[in-house]
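Peer 1: Chains A and B are the protein sequences, given in the same order. Here the first sequence is numbered in this note's numbering, starting from 1 and rising by one per residue. Here the second sequence is numbered in this note's numbering, starting from 1 and rising by one per residue.
Quick caveat, the hints were computed from the structure, so don't treat them as lab data. Take the hints with a grain of salt, since some may be wrong.
Claimed, not checked - Among chain B residues calculated to face chain A with C-beta under 10 angstroms, some are: (1) Ile42; (2) His54; (3) Lys57; (4) Lys95; (5) Trp103.
The beta carbon of each residue, even a glycine, is placed where N, CA and C say it ideally should be.
Spelled out from the first residue to the last, the chains are:
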Amino acid sequence: MAAYRARIKEFHDVLNEDQINLKRLKSMCFNGIPDEPGSVRALCWKLILNYLPLSPSKFLSFLEKQRKLYSSFIQEMIVNPGKQHFGKSGKIDVTFEDHPLNPNPDSQWVAYFKDNDVLVQIDKDVRRLCPDIGFFQRATEFPCQDVVNAAEMETLRKRVDCSVLQSHTVMKNRQGAYNWKSSKKSTVEYDLLPDGKEAHWEVVERILFIYAKLNPGLAYVQGMNEIIGPIYYIFASDSEREWSEHAECDAFFCFTNLMSEIRDNFIKSLDDSAHGIGNMMMQLMNRLQLHDPDVGSLMVTQDLKPQYFSFRWLTLLLSQEFPMPDVIRVWDSLFADSKRFDFLIDVCLAMLLLIRDDLLKNDFSSNMKLLQRYPVFDIHLVLSEAVRLQKS
Amino acid sequence: MAKKTYDLLFKLLLIGDSGVGKTCILFRFSDDAFNTTFISTIGIDFKIKTIELHGKKIKLQIWDTAGQERFHTITTSYYRGAMGIMLVYDITSPKTFDNIAKWLRNIDEHANEDVEKMILGNKCDMEEKRMVSKERGEAIAREHGIRFFETSAKNNINIERSFMELAEAILNKTPSRDTSTNHTNVHVSQSSGHSSKCC
Ligand SMILES: Nc1nc2c(ncn2[C@@H]2O[C@H](COP(=O)(O)OP(=O)(O)OP(=O)(O)O)[C@@H](O)[C@H]2O)c(=O)[nH]1
Ligand SMILES: [Mg+2]
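Could you build the full structure based on these sequences and the hints that come with them?
Peer 2: Shown next as structure tokens:
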């Protein structure tokens, strides 16, 4: 207990310096950030993800600027288009010149509908975010006022709803034969919170939508939800209101910074490039061969291709392999590591070595199951093995 | 002598757009349960189920792929070894039905020529939201000479039956090592209870 308190104090000391020593902070975070109820972890992540400036005296003006910027994104990408299209998406008149089937590429609708496709995809995934912890289904204390209070606009909620309706209307027009019966029924099975309230998953949806709009080349790829999820969770659970109130904005920028380092994993055409996921999987297999030739050659003879398991491990930074508290602990180290994602490969290698005896005993099917549902382990064991491998 | 736990091994693959219910279909078949809290599949998932068909123990190795475009390079590499492929669409989503043509082209490009195919129109429990008629599903299946079922992972409609028929089709063209085999023209083992006539 005393040691624990000393550790917290050490963090507070470093964080209260006029000029935070990032190198020192990183080396402390690498060994795990204390799970104290305050905001140490959230603050550390904001620093080691290169979001906050290193002098705390500059926090305020910096944050003000970022929050203004984020709020302008919401205005520009959600509120304005939502007002423009208010009332139109629900009832489409096919004789209307600017309707969604108008082949004219200038049509405003084209862009709006393309966005809606992305939105529907995001929606499907965020609704199912981390069902194990229940957090994302609960209401946030800080719904986005610009959106919740805006009269006469198509909110993202309505847009998701309407684009489901839309495809129905369109089908009917094209095929003639299908009568659309249940327009009065809600098209979404999931219970939405009443107007004026927002669930945490809706906040995450907005972050991902804005990210997709700002990064059209990448847009939204499944799995990004698993990256933003834990970051937003940590920021939104900050016990200090002045931080948790702005979890959305801060999480957006930290996510953007993190994505700039790992975005290649989400781009198909880069699979085989030097930074792509293909290369990372190959490195993992090469290192396995080096450290444990028996398991290395077993992977070959049983045809246990790295894509079968490590594709997900690496793309999602292991977020689906462990329960949330363990994921968070792993991410402390990943974010803090100077060669950030080399350590990720060390962790994956450690995971393989820790189950080597089982791997060598099992047939293909059992091994696939083992690798796709990694057994429960003390996460510290995995990490200390990874550190050993990193040094070797 | 070590006893073999199965006589034959069939590799099956599930493909189709994201969200049509591939993972739920597989979970229904392997664990006989429905779970609405699945996260979207990243890359590929894998399940094993052993079935019995005409007195033979058949181990089904079933690969569940991610639907989104980004994962296609990863997922198409599994087509080659597959003996049976299930193409799934969602009867409440015309887009997923339109994409069946695209998935069929993918199969032509990447799978073995003699792979057994089957089309599934899933979520047939949602009759009030149906956007693709059963006739359209049947028509495209007929056009390509493929078997077709409407299924519901939620209400357990035609799930077991479709897997059994696909396995049966593969079994029928598997050259038998056992000469005394008498399974030509045997009926599909109608697994009672699962062939409810909903859709
Ligand atoms: N009503 C109904 N809903 C279903 C059925 N099957 C699946 N769903 C729902 O459809 C959604 C998507 O199901 P998944 O099985 O995850 O879809 P998938 O095809 O595996 O999607 P990807 O992994 O993204 O490719 C979930 O919310 C399920 O609850 C069904 O038979 N009936
Ligand atoms: Mg799936």
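Peer 1: Output the numbers, in ascending order, of every earlier hint that fails for this structure.
Peer 2: 2, 3 and 5
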